[in-house]
Amino acid sequence: MNQTPSTETPTAFHDEPLRIRERIFSSRLWIGSGKFSSPKILAAALGRSGAHLVTVAVRRADPTARGGDPAFLGIDPEKVFLLPNTSGARNAAEALRLARLGRALVGHAWVKLEVTPDPATLMPDPVETLLATELLVKEGFTVLPYMHADPVLALRLQDAGAATVMPLAAPIGTNRGLRTRDLIEMILAQARVPVIVDAGIGLPSHAAEAMEIGASAVLVNTAIATAGSPPDMAEAFRLAVLAGRAAYLSGPGRVLEQAEASSPLTGFLWEK
Amino acid sequence: MKIIVNGSSREIGSGTTLLDLLRTFRDQNSLVVGELNGEVPSDENVALSEGDRVEIVTFVGGG
Chain A
3 MNQTPSTETP TAFHDEPLRI RERIFSSRLW IGSGKFSSPK ILAAALGRSG AHLVTVAVRR
63 ADPTARGGDP AFLGIDPEKV FLLPNTSGAR NAAEALRLAR LGRALVGHAW VKLEVTPDPA
123 TLMPDPVETL LATELLVKEG FTVLPYMHAD PVLALRLQDA GAATVMPLAA PIGTNRGLRT
183 RDLIEMILAQ ARVPVIVDAG IGLPSHAAEA MEIGASAVLV NTAIATAGSP PDMAEAFRLA
243 VLAGRAAYLS GPGRVLEQAE ASSPLTGFLW EK
Chain B
8 MKIIVNGSSR EIGSGTTLLD LLRTFRDQNS LVVGELNGEV PSDENVALSE GDRVEIVTFV
68 GGG
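Chains as they are written, first to last, in the numbering used here: chain A, 3 to 274; chain B, 8 to 70.
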């Protein structure tokens, strides 16, 4: 036994890229661009995350301040797909206005639909979200709705033509982790569209957990933006998403109630 | 004549278009689009009228 261990990485696991409608995403980590302390830090975090999709919000422009320029925000639109959201919308009508403005800004008709009437909880309004999904689909939008982890609503949104469903892990911005795991497992069991876990993921282990149970991707913002070093945390998330995905594709080992030795129970030195 | 731009009253000359207004923002914001009375017009070169409500928006960071 004198072999030098190989320093080469073993064969990488095989994964199909995530496909949503006509678009292909080679990374299953999506990044939200809010709360970063500077464009430079966002740019560094995006680079280390390997993400190809970045969400942005639509707000009133200030004629006296620079903004409105993805490069100024720290986003290279040549490298990432910009997904406008409807954050701030309190009902379907407001979401439609923001979606149309977002479409005019980015030049494509994909939208992350968010309808959150209650600023205290930021919980998505299921009735207005379903209504807005129906109306936006009719207008030709590709709709990615943010939703509570409600399996019935997920089916209703799929039936309404949503391109994905995006159930929450925990309330927006809380970093609390996959508190809705049991419900997301029910959604995954029935899903005919990709399930993207959004909101509340606070650590790479939470992202890995979501991927292990079969999520197609995760959307992370606050956990990276509020980390001590956002670029390092972005890379940690990149690795966690890969690890979780590989584990899902591998198929987790079984769970037992009682101990089962991993080493043989024969050939002990003290056997007679 | 008076119009409302991003929630504030503003005096503009007659014949001013949405595009004229957008240009005053485009000095600072490379990407802005406008909404006129709740709709995104297909042509920005549309003349504004007394009492019009205009929203001029851009990107910001967001999840």
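Since the hints were derived computationally from the structure, they do not count as laboratory data.
We put the beta carbon where it would ideally sit given N, CA and C, even for glycine.
A hint or two may mislead.
Some, not all, of what chain A presents toward chain B, calculated at C-beta under 7 angstroms [to be verified]:
1. Pro19
2. Ser89
3. Asn223
Now the hints, each set against the structure:
1. Pro19: With Cβ-Cβ at 23 angstroms, over 7 angstroms, it is violated.
2. Ser89: 5 angstroms, holds
3. Asn223: 4 angstroms, holds
Of the numbered hints stated above, the single one contradicted by the structure is hint 1.
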